[in-house]
Amino acid sequence: MKETYQNGRTAFLFILPALLLILFIVFLPIVLNLYNSFFRWNSFEAGKTFVGFEYYVRLFKDPVFFTALKNNSLYAIISLICQVGGGMIIAAILEDKLIRRFQPFFRTVFFIPSVISIAVVGLMWQLIYNPEIGLVNGVLNAIGQSEWAHSWLGDSKTAIYAVVAVSQWQYTGYMTMLFLIAMQKIPMEYYEAAMIDGASKINSFFHITLPQIKEMILVGSVITVIGAFKVFDEVYVMTFGGPGRSTEVLGTMLYRSAFRNDEMGYASTIGTIIFIITLILSLIQMKLGKSGQEVE
Amino acid sequence: MRTKILVVLLLMLALVITGCSSSTSSNQDDSDKIVLKFLHKWPQPQYAPYFEEVVKEFESQNPGIKIKMEAIADEPIKDKLRVILGGSEVPDIMFSWSGEFARKFVRADAALDLTPYLEEDAAWKNSFIPASLQPFSSDGKNYGIPLRFNGKFFVYNKEIFDKHGLQAPKTWDEFLVVLDTLKEEGETPLMLGNESPWAAIHYLTGLNQKMVNQEVRMNDYNPRSGEFTDSGYVKAMEMLAELNEKGYFMDNVNSSSHDMVKQMFFAGKGAIFYVELEEFQDVENALKGNWGFFPMPSIADGNGSQKYITGAPDGFIVSSKTKHPKEAVEFLKFLTSKENSLKLVKDIGWPSPIEGATNPDTALKQVAEGVDYMKEAEGMAEWLDTDVHAKVADVYLSNIQLLLDGSKSPEEIIKEVQAVAKQVQNEVE
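Residue numbers (the numbering used here), protein chains in the order written: chain A, 6 to 301; chain B, 12 to 440.
These are computed hints drawn from the structure, not numbers from a lab. None of the values given here were measured: they were computed from a predicted structure. A virtual CB, placed ideally from N, CA and C, is assigned to each residue, including glycine. Mixed in with the good hints, there may be bad ones.
[To be verified] Derived lysine to aspartate or glutamate pairs resembling EDC-like cross-links, with alpha carbons at most 20 Å apart:
{"hint": "1", "chain 1": "B", "residue 1": "K273", "chain 2": "A", "residue 2": "E137"}
{"hint": "2", "chain 1": "B", "residue 1": "K89", "chain 2": "A", "residue 2": "E50"}
{"hint": "3", "chain 1": "A", "residue 1": "K66", "chain 2": "B", "residue 2": "E195"}
[Claimed, not checked] For each label pair, taking beta carbons as the anchor points, the in silico distance ranges come out as:
{"hint": "4", "chain 1": "A", "residue 1": "V120", "chain 2": "B", "residue 2": "Q436", "range": "48 to 58 Å"}
{"hint": "5", "chain 1": "B", "residue 1": "S418", "chain 2": "A", "residue 2": "I86", "range": "19 to 29 Å"}
{"hint": "6", "chain 1": "B", "residue 1": "G75", "chain 2": "A", "residue 2": "L128", "range": "41 to 51 Å"}
{"hint": "7", "chain 1": "B", "residue 1": "A278", "chain 2": "A", "residue 2": "T113", "range": "47 to 57 Å"}
{"hint": "8", "chain 1": "A", "residue 1": "G90", "chain 2": "B", "residue 2": "E86", "range": "36 to 46 Å"}
{"hint": "9", "chain 1": "B", "residue 1": "D358", "chain 2": "A", "residue 2": "I27", "range": "29 to 39 Å"}
[Claimed, not checked] Which residues of chain B face chain A? A partial, calculated answer using Cβ under 7 Å:
{"hint": "10", "residue": "K48"}
{"hint": "11", "residue": "V94"}
{"hint": "12", "residue": "L413"}
Please build the complete structure, drawing on both the sequences and the hints.
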């Protein structure tokens, strides 16, 4: 009995550093953020004024908040389709016997965008989208579709799609890589057996590949959806929420409140909402996938 | 076993200690010096050397003081200042725009009152053009020292103007005729890069000032009493929108950056461009005398004074937390001395707020003329985005792009401005 007690203490000592780290770096800021959202304060002024739930009430009346939510959801949906769906299909094609020889080449090419710094990517795409000298309009003009040429980032109707597209360009390769790793762990025998039984490639994709990489699909979806609700830098670099507020996402809205409008309390409120949204999403996804049971 | 661990720990400790001490020992002789932290916003290679030279000169004249200089560019400094001021390592001297931008730091007791220092040294105080000190004052006290005196003017390409027999317009109606002629002749009349919306806000700065009665406008720009109910605000936006609807602005204003448009203007792709006095040198470098300028034309039915110039000084505030206010002021005096102001004008072509520093001998002819305009003006219309409360400015800034792409009307925008002004009134004590 005494021995187990001592073991327990030793075990506790072992996890103590990690526990402290998590407490101070993860949980304390979350609690502080919630606390701060009840006050009106800014970064350079001493003193805080208690305002209670005023900011929460205001947030749910703020049309920009709903624009931001809509944009974040768009981000999530498009990213799910392109990065998880598209990445998976590309990975499956690269794993095919016919193309496998060239796989290292394509893998590298697709992966490169995700290692470029966001600031560089943002500026580069700003140039690509530029209505006068940009590549997109240049190509459209060259193929005789000048009426499609457009001020992509300058029009409040297309700007958000233009920004989302850049994210797809950047991260689909990353997802492809993750799926490739998962697919390479599937034993070849399954495919050989399926081939002998006369299954088509499409059939073996749906009946062998998909079930075998289920876990990776789940992980990938969690990463992309949560990433979509935390997105900040792409938007910040390319449009900073403009034109008007049309590309505002929760992240840029938070930043604008905190560092432009001097409303740290409002920014904390937005931070709390982002936390709640991502928490709920990850709980749902864990529940759906019963994560952890199938790993290994 | 224990000793081994002890040795390893000691070694790590030694590493940490040596790691720390090496940085302090290198400037050991500075330990008894007064260190002043100086933050400005010009890291660009064409401007930074000026500050380095002035700082070096100051240090050699004042061996007891060491200046630690840091520069952060224009956009990031807007955020950075707010964060720095909340921390414990506040720079002693830091850049600030004038007007409300500085006043919010004054309200937060973050800026030192410089009035006694200016009163003490009358010669220093009188060396400034009076209109350049005023925008840095709050309730009759001075909180900032201007470094530049910046104005906004329309610059035009003389070649294009001569080709169509045009003259610099004096009134808004003449201005519209000029624009119309240019449009008819197939030129791009007005260049505007509104990707960062301050560019169009600068138009509105002047239009608001010219359309709205001065007293009413000052009352509205004050966060404590702002209402924005005057019809002049709507008219000002309508006039701006009209320039766009009639096709006087270039295409794609919202997705072109100011710098890119500047290059296009230099390449002769447009007739008129709205720039700051500090950019005149660039214009001269590119167009080589083949250009002229005029202030925003007067508007016949405007309720504001028509003899104002759009523009404002920018300069430095001193932190209220500084331990060495005397030395900090000493440095500001040095920075704005006649000698260094002449150097400023000569080296980088900026308009100086020091009386007589910007003259035809030191500066470009047009820069000197621009400063004369500002000296003769009845007053300055300070940048709308730094002269009103940050939240009001934000509403204006984000909506002006929508005004120009036609998705929002002036009435809709002013309603939002009024709502936020009301909110601000309740929040500012």
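Against the structure, the hints come out as follows:
1. B:K273 to A:E137: holds, 14 Å
2. B:K89 to A:E50: Within the cut-off at roughly 16 Å; holds.
3. A:K66 to B:E195: violated, 47 Å
4. A:V120 to B:Q436: 48 to 58 Å: holds, 50 Å
5. B:S418 to A:I86: 19 to 29 Å: With Cβ atoms ~28 Å apart, the hint holds.
6. B:G75 to A:L128: 41 to 51 Å: holds, 45 Å
7. B:A278 to A:T113: 47 to 57 Å: violated, 40 Å
8. A:G90 to B:E86: 36 to 46 Å: holds, 37 Å
9. B:D358 to A:I27: 29 to 39 Å: For I27 (chain A) against D358 (chain B), whose Cβ atoms are near 54 Å apart, the range 29 to 39 Å is violated.
10. K48: violated, 16 Å
11. V94: holds, 6 Å
12. L413: At 4 Å from the nearest chain A Cβ, L413 (chain B) passes the 7 Å test, so the hint holds.
This entry does not satisfy hints 3, 7, 9, 10, going by the numbered hints stated previously.
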